[in-house]
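Each chain, letter by letter, is given below.
Number of protein chains: 2
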Amino acid sequence: MCGTEFFTTLGVSEALAGFRPRRRSGSERVLREQALGRVPASAVASPAPLPGFARSTVDGYAVRAADTYGASDSLPGYLDVIGSVRMGAAADVAVRPGAAVSVPTGAVIPDGADAVVMVEYTQSTLPGVVEVTRPVAPGDGIVRADEDVASGATLAPAGRPLRAQELGLLAAAGVVDVDVMARPRVGIISTGDEVVPPDTPQLAAGQVRDATASALAALVTEAGSEPSPRGIVPDDADMLTKTLAQAVSECDMVVVSAGSSVGARDMTVSAVRALGEPGVYCHGLAVKPGKPTLLAECGDVPVIGLPGNPLSALVVFRLVGLPTLRLVGGITAPAPPATTTATLSRSVPSAAGRLDVVQVRLSDLAGEPAPVATPIFGASALLSLLTTADGYVVIDEAATGLAENATVTVTRY
Amino acid sequence: MCGTEFFTTLGVSEALAGFRPRRRSGSERVLREQALGRVPASAVASPAPLPGFARSTVDGYAVRAADTYGASDSLPGYLDVIGSVRMGAAADVAVRPGAAVSVPTGAVIPDGADAVVMVEYTQSTLPGVVEVTRPVAPGDGIVRADEDVASGATLAPAGRPLRAQELGLLAAAGVVDVDVMARPRVGIISTGDEVVPPDTPQLAAGQVRDATASALAALVTEAGSEPSPRGIVPDDADMLTKTLAQAVSECDMVVVSAGSSVGARDMTVSAVRALGEPGVYCHGLAVKPGKPTLLAECGDVPVIGLPGNPLSALVVFRLVGLPTLRLVGGITAPAPPATTTATLSRSVPSAAGRLDVVQVRLSDLAGEPAPVATPIFGASALLSLLTTADGYVVIDEAATGLAENATVTVTRY
Numbered sequence: 001m002c003g004t005e006f007f008t009t010l011g012v013s014e015a016l017a018g019f020r021p022r023r024r025s026g027s028e029r030v031l032r033e034q035a036l037g038r039v040p041a042s043a044v045a046s047p048a049p050l051p052g053f054a055r056s057t058v059d060g061y062a063v064r065a066a067d068t069y070g071a072s073d074s075l076p077g078y079l080d081v082i083g084s085v086r087m088g089a090a091a092d093v094a095v096r097p098g099a100a101v102s103v104p105t106g107a108v109i110p111d112g113a114d115a116v117v118m119v120e121y122t123q124s125t126l127p128g129v130v131e132v133t134r135p136v137a138p139g140d141g142i143v144r145a146d147e148d149v150a151s152g153a154t155l156a157p158a159g160r161p162l163r164a165q166e167l168g169l170l171a172a173a174g175v176v177d178v179d180v181m182a183r184p185r186v187g188i189i190s191t192g193d194e195v196v197p198p199d200t201p202q203l204a205a206g207q208v209r210d211a212t213a214s215a216l217a218a219l220v221t222e223a224g225s226e227p228s229p230r231g232i233v234p235d236d237a238d239m240l241t242k243t244l245a246q247a248v249s250e251c252d253m254v255v256v257s258a259g260s261s262v263g264a265r266d267m268t269v270s271a272v273r274a275l276g277e278p279g280v281y282c283h284g285l286a287v288k289p290g291k292p293t294l295l296a297e298c299g300d301v302p303v304i305g306l307p308g309n310p311l312s313a314l315v316v317f318r319l320v321g322l323p324t325l326r327l328v329g330g331i332t333a334p335a336p337p338a339t340t341t342a343t344l345s346r347s348v349p350s351a352a353g354r355l356d357v358v359q360v361r362l363s364d365l366a367g368e369p370a371p372v373a374t375p376i377f378g379a380s381a382l383l384s385l386l387t388t389a390d391g392y393v394v395i396d397e398a399a400t401g402l403a404e405n406a407t408v409t410v411t412r413y
Numbered sequence: 001m002c003g004t005e006f007f008t009t010l011g012v013s014e015a016l017a018g019f020r021p022r023r024r025s026g027s028e029r030v031l032r033e034q035a036l037g038r039v040p041a042s043a044v045a046s047p048a049p050l051p052g053f054a055r056s057t058v059d060g061y062a063v064r065a066a067d068t069y070g071a072s073d074s075l076p077g078y079l080d081v082i083g084s085v086r087m088g089a090a091a092d093v094a095v096r097p098g099a100a101v102s103v104p105t106g107a108v109i110p111d112g113a114d115a116v117v118m119v120e121y122t123q124s125t126l127p128g129v130v131e132v133t134r135p136v137a138p139g140d141g142i143v144r145a146d147e148d149v150a151s152g153a154t155l156a157p158a159g160r161p162l163r164a165q166e167l168g169l170l171a172a173a174g175v176v177d178v179d180v181m182a183r184p185r186v187g188i189i190s191t192g193d194e195v196v197p198p199d200t201p202q203l204a205a206g207q208v209r210d211a212t213a214s215a216l217a218a219l220v221t222e223a224g225s226e227p228s229p230r231g232i233v234p235d236d237a238d239m240l241t242k243t244l245a246q247a248v249s250e251c252d253m254v255v256v257s258a259g260s261s262v263g264a265r266d267m268t269v270s271a272v273r274a275l276g277e278p279g280v281y282c283h284g285l286a287v288k289p290g291k292p293t294l295l296a297e298c299g300d301v302p303v304i305g306l307p308g309n310p311l312s313a314l315v316v317f318r319l320v321g322l323p324t325l326r327l328v329g330g331i332t333a334p335a336p337p338a339t340t341t342a343t344l345s346r347s348v349p350s351a352a353g354r355l356d357v358v359q360v361r362l363s364d365l366a367g368e369p370a371p372v373a374t375p376i377f378g379a380s381a382l383l384s385l386l387t388t389a390d391g392y393v394v395i396d397e398a399a400t401g402l403a404e405n406a407t408v409t410v411t412r413y
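Just so you know, the sequences run in chain order A and B. Our numbering numbers the first residue of the first sequence as 1 and each following residue consecutively. Our numbering numbers the first residue of the second sequence as 1 and each following residue consecutively.
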């Protein structure tokens, strides 16, 4: 299923299904206000019912529904107004037959009442009396004490990053802190004799600044994880092995962007092999760009060897690195990417048996429902293709291309 | 166009087009590695061409293309190998007619060469000589010195948040810091006699914990802005006016979640009026939920009065608060939300002339292309509707509902 030859390639979906490193990032307790995007390590249960008391959902009069039956504009019901409930306070009066209590939206429903008549369906012509012009059924205008959340019910499930609304619900329930997965720590190693740090002011002939490490750190951060930059290693097998060993011992996942020459790529394989079992899972992915990709596991830590040029490295990291990172970080909820349906401006050829990732620019975004996706072609050595792109289209292994005017799903950057 | 009456409502798209507060958040200089998601205040130009030198895109031999014309397997061309180029180093030899220089992927193209023959199309049978079995055209196997980015070309446009790939390109160009818009500071004020802080362990009768402020802070943070919590103000006009005045003087935008009663809602209007021109832009939006929404401008600071219940407040903040925040934060690029095309599980009625926001749950996410969207109904007092939802469907003002099995666009949470 997976070869040791350099270009024995595995399909992307096959690789994603089969490459399941055991590493998980552990858990920690964080304050609710710091928990946005964090992943609950276990389901968070509500300590009490919410809202906790029967509440009015309208401004009006708490009544016994039976007292309003048959009421209409021409034949209103008359009820004695025996009090009112203030916001944030208990009701100090109970509703008896023939009586009504004034309640604002959100107030406590007094004992004895089983419905609230909206103020719009009442008139106050006589002091101390309200005319009801429309009947209500029991439960109208009321949320029950446990209607939002029952005691013990799940406020937030395990394995799905906390969104704004979960944080709101946790606040409503008085949950102060949450047990979440630790942010996975991702070691980022760059290799290549030609690669120098990005803050190098003047380049010597043949040198390039390290673009991949910066972009990978950003993707790792966006994914809610913690990048751990490990610097640039020259094309030296011993140094790479040493750097990789240390990264594996300190991180939850390690990414190596290989030098671009064949020799440099082979060095990553040697370094992984030197670290022992289970080692290389797969070397070579049936994807363009991104063929020279390495998937491996050192101990339980996933190690991903990325292609040498930045564009390919970023394409592959999105494709297989981010799903692996979700796994390590305990995200079990599906993470469908942000997509836009578009019409392809021109035909795009593709070899069968290989996944093609085509960068596209979107036009006419305002013009729903279908903007036009224009493919951007160029050598995969050109990083600017990615900064020009608004997203990408994936051409599946089975397809031999996409026709002009085809409807495509664009995964948005 | 915009009334002063409580429920003189304005359409959402009309309000979004017309409500254009003048406030902008200013700019600041940040290091590139801290710039993910930040918004360039002006376009970032490349100080130099990239990659900066002509590079090989393959492992092979740098040649004069003319020397390979007519070469084939049966009639190879023979070239003298006169040297090689190391990664990250200058070429210390020039290619003369009849000669070839060995180059790895990414290496400097030596003077005199105008193409690179891939090693796959060569053979080395005699020492010092390479057999070329396929012709190349000038430019084959090479990226020009300015092919990725020309000197002075835009690395990142103004007004669009920096993505991973822009940070990569900035690193490649050696850009150390970037002039970006300051993060807009968003004051968040909660009001209501019934509202208590979320860390209140035990509630008295009729009290509720402040869910809205926590959720709003999360949405503000997600939008790349800085929440500035201003606490809870009881239903007291003077106190609200004072708190609002201070927030307006210290923030770039202020959000007030009103108490849920009519009286409490009116207090926000009074407070805005007390702060002077230009004041209330619009009071009442044709949207469900969210009708009692206030849009105002105090000086140049936008003030948004949200409905009292958390669910409505969050729906409206996404709809009109986030676009306003993008405006203030200098984001000029369109921000199409993450959407999924789905099939509606049942019909949903809607009143014409009003925008309806329907919470939905998505099933069968893996089953592309169209998952099923199941509407979630319930009182808008129930915050748990939002935590159950995967996203929402907007029913336009003109529509009177959506039919079962209709194809809908779900905006994802």
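Please note: incorrect hints may appear among the correct ones.
If chains are identical, the list can't say which one is meant, so a pair holds when it fits in one copy or spans any two.
Unchecked claim - Derived pair list, reagent style DMTMM-like, types lysine to aspartate or glutamate, alpha-carbon separation capped at 25 Å:
#, residue 1, residue 2
1, K288, D146
2, K291, E14
3, K288, D92
4, K288, E33
5, K291, E120
6, K291, E28
7, K291, D266
8, K288, E277
9, K242, D92
Note that these hints are calculated values from the structure, not bench results.
**Message:** Need the list of violated hint numbers for this structure, in ascending order.
**Reply:** Checked against the structure, the hints that fail are numbers 3, 4, 6, 8, 9, while the rest are satisfied.
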